[in-house]
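Student: Protein sequences, first through last, are from chains D and P. Here my numbering is used: the first residue of the first sequence is 574, the next is one more, and so on. Here my numbering is used: the first residue of the second sequence is 739, the next is one more, and so on.
Everything labelled a hint here was simulated from the structure, so no lab data went into it. Treat the hints loosely; a few may be bogus.
As the list claims (entries may be wrong) - Straight-line C-alpha distance at most 25 Å; calculated SDA-like pairs for lysine to any residue:
| no. | chain 1 | residue 1 | chain 2 | residue 2 |
| --- | --- | --- | --- | --- |
| 1 | P | Lys1104 | P | Glu1079 |
| 2 | D | Lys653 | D | Pro616 |
| 3 | D | Lys653 | P | Arg1186 |
| 4 | D | Lys653 | P | Asn1254 |
| 5 | D | Lys653 | P | Lys1104 |
| 6 | D | Lys653 | P | Arg925 |
| 7 | D | Lys653 | P | Ala879 |
| 8 | D | Lys653 | P | Phe982 |
| 9 | D | Lys653 | P | Ala983 |
| 10 | P | Lys1104 | P | Ile1140 |
| 11 | P | Lys1104 | P | Pro1076 |
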Amino acid sequence: MSSYLLRRAATTVPLLLAIVVISFLFMRMAPGGPFDLDQELDPVVRANLEAHYGLDQPLLTQLGLYLRGLLAGDLGPSFKYTGYGVREILAQAAPVSFVLGATALFIALLLGIPLGTLAALHHNQRGDRLASAVALVGICVPNFVLGPLLVLVFVFQFGWLPVGGWGSPAQVILPAFTLGAIRAAYVARLTRTGMLDVLGQDFVRTARAKGLRERSVVLRHVLRIGLLPVLQYLGPASASILVGSVVVERIFSVPGLGSFFINAALNRDYTLAMGSVLIYSMLLIALNLLVDLLSRVLDPRVKLQ
Amino acid sequence: MNVRSTLSTLLLGAALLLPGLSGCLGNETAADFRFLNLEPETLDPGLVGGQAGGRIIANLFEGLCVRDAQLVPQPGIARSWQVSADGLTWTFHLRESSWSDGTPLTSEDFRWSWLRLLDPMTASKSAQLLHGVRGAEEFNAGRHDDTSRVGIRAPDASTLVVELAHPVPWFADLCATPPLSPVPRQRIEAAGNRWTRPGEIVSNGPFCLVDRRLNQGLYLQRNERYWNVDAIALASAAAITGDFANANFNRYESGLLDWVDSGGVPPALVDHLRERDDWHATPFLATYFLRCNVDRPPLDDARVRQALQASIDGAAIVQYVTRSGQVAAHSLVPPQLPGYEEIQLSGHEPERARRLLAEAGYPGGKGLPAITLLISTSQWHRQIAEVLQQQWRDTLDIEVRIQNQEWKVFTSTVRQGDYDLARGSWIADYADAGNFLEIWSTASPNNRTGFSDVAVDSLINASAREIDPARRALLLQEIERRVVQEQAVILPVYYFAITNLYDDSRWEGLEPDPLNQLDLRRVRPRHPEAMR
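Work out the full structure, taking the sequences as your base and the hints as a guide.
Tutor: In structure tokens form, the structure reads like this:
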């Protein structure tokens, strides 16, 4: 296990470096710059601003300076939010996205696993069809439809929940549910498929033949292996929840990473966009590693290579 | 690992998230008055360029003058001022006042702040506001670094003398703009570019900044050291930031916001909202227009540009597309500026348009090289462009292609002059027609049309030096006539409207001025006993 971890860590560094260099170059190849504004800047002002942010240097020098800053843990100043460093902006937004994403994931698992289990245990019966239909609806209804619909019902119809913003636990519920619902549907389908695969296997028959109660067979043997596809899905799902939350962030005015990332790219806030790419990449790599390790814990037959 | 332990791990994880959540708490619900604002790029008056920052700065700081609801400059930190007979020397007498940390505010603060604004290393977007001051433009351009050659003097703590290179009759207007507010030297020297952060910032206006969370909001508290603090009714205010109209409107509807501007009005709901009592639409000092690139055929021919102009039916656009109180434009300068009579374009004249195009050598549009209208990504611009496209098709039988570019690409393309027609708009910095017209000089970086006319340049110079308001108005009108009517360098479409939502049975002082600044000095609840 430890040599596996070492090998993974060794591949992570060049991978991150490649991501940084490629994103840096792509970002600069995009037309328009941070100082292309509605009101045109005086050429002297523009030159001073470009000099201040080092944009007057050759591109490779800029890349070198950026990488040197990265090594020292310095992500640079934001171009758009004067006086704010990228690191502190990300440090402010990341916990918001983390809380939202984790709650969404929690909702996805809480709804998806029982629904999928129910469907698998009632394979081709009414319960299965009902659960599959619910999951299908969950997959088909996009965020931007579900979000406003929930607002209409729970905010304006019943007045149970706040409309948006960020700060209280009540403000997390609607955005997290909106974000989690689609994933819940996927989790349900994956759980169902995974369990159906396992239910037909020999060791399940053996367990039943030995006279184990059905409840024990399902919870202890079937679900454990049947959840492997769900676990594999959780890595990319977590990343997509974090990256893909921008629509939900907008609908519910949540100050998370997604909005900062999109705005940074649109505003050519080079440093903030780079910082966001970096944090997403690290998250994705870390989550994938975590999923691989967890798979091994759930099913000892899984080989870490 | 069994299912029960998995579930309990998940529940434990969820419980652990709650403290993380409370770390992100804002106190938006606690403020007396909550209004919508875009996220300000900066709160530094010396660096500010847009309305989002200007609105906050105008409530945190106070310049020599302040604007009233009609944008007329009134005494602010200056209790009075005199102008010499030649209009070149302005002497401001400052009242006794202090910064929010108790440090006395003196004329030297203004001198230092204005020199900082002009310092080329500050790279201010608004330094040109002071270019009328003797020696200022040269200092700002880096042609000399001798601050004693810049005509700003502080002979004593309560007197500021400004010497101008040429008369600037609207100088008091400039003194009321956010960039000319004083900034606290002691804080800037101590904290560097972090000085506008909560905890660091010191201001001299009616409010202090106590909290700021990016993409969430800013929380302001009454500055008890403000010279006129007794006139300020609000003890606190929150600027809630958000750029998605539907979400902002939802927050207004659920009572989380007391005031929203057009950023809280979803276009799809305009027809419904217009009928409500809390809908307030008034004229805005801004114009929507199209730029013509006069260096490119066929738009290098003034007759082609005039033909396009005469084909535009702005009334149809404001009636069917924008629908929120905008008015079809007959000029570039909006109508409500006191002391200035804008030009009157003849408007939608299909016959004349066809005749002009034929005179230019393209009868019935035949042989006309392809024209592209460049817009930035927005459903709003797209709809307007499509109506214009249809109007040109119907009137001139020509096909104008629409090209859509993302915002930063669009501004870069227009700056490089790589377009035929491009959408544009201009919002006044202060209530003066010159503000809309001086940008068409050859040297102005905002011109971006390739238009260059020696006669117009000299008219712009003359108008900047003319001290008599009536004569100056005539000069400005002549500039507008030549640029917009005779040369048709720009094609006006409509004048913008302010569309605010607020309940005036609960609040007074919210009637918008023509720049929609939202001056919290004037805002007070009608029923203070019912305040939160």
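Student: Are the hints correct? Go through all of them and say.
Tutor: Against the structure, the hints:
For the hint pairing Lys1104 (chain P) with Glu1079 (chain P), the CA-to-CA distance comes to about 38 Å; that exceeds 25 Å, so the pair is violated. A C-alpha spacing of about 19 Å is found between Lys653 (chain D) and Pro616 (chain D), which places the hinted pair at or below 25 Å, so the restraint holds. For the proposed pair Lys653 (chain D) and Arg1186 (chain P), the alpha carbon gap of about 24 Å is at most 25 Å, so the pair holds. A threshold of 25 Å between alpha carbons decides the hint, and for Lys653 (chain D) with Asn1254 (chain P) the separation of about 23 Å falls inside it, so the pair holds.
Distance hint between Lys653 (chain D) and Lys1104 (chain P) is unfulfilled; the C-alpha atoms sit about 47 Å from each other, more than 25 Å. Of the pairs offered as hints, the one joining Lys653 (chain D) and Arg925 (chain P) holds, with about 22 Å between alpha carbons and a cut-off of 25 Å not exceeded. At roughly 24 Å between alpha-carbon atoms, Lys653 (chain D) and Ala879 (chain P) fall within 25 Å of each other, so this suggested pair holds. Proximity of Lys653 (chain D) to Phe982 (chain P) is assessed by CA-CA distance (about 19 Å); at most 25 Å being required, the pair is judged to hold.
With a C-alpha separation of about 21 Å, the suggested pairing of Lys653 (chain D) with Ala983 (chain P) holds against the 25 Å cut-off. For the given pair, Lys1104 (chain P) sits about 20 Å from Ile1140 (chain P) by alpha-carbon distance, which is consistent with the 25 Å threshold. For the proposed pair Lys1104 (chain P) and Pro1076 (chain P), the alpha carbon gap of about 45 Å is over 25 Å, so the pair is violated.
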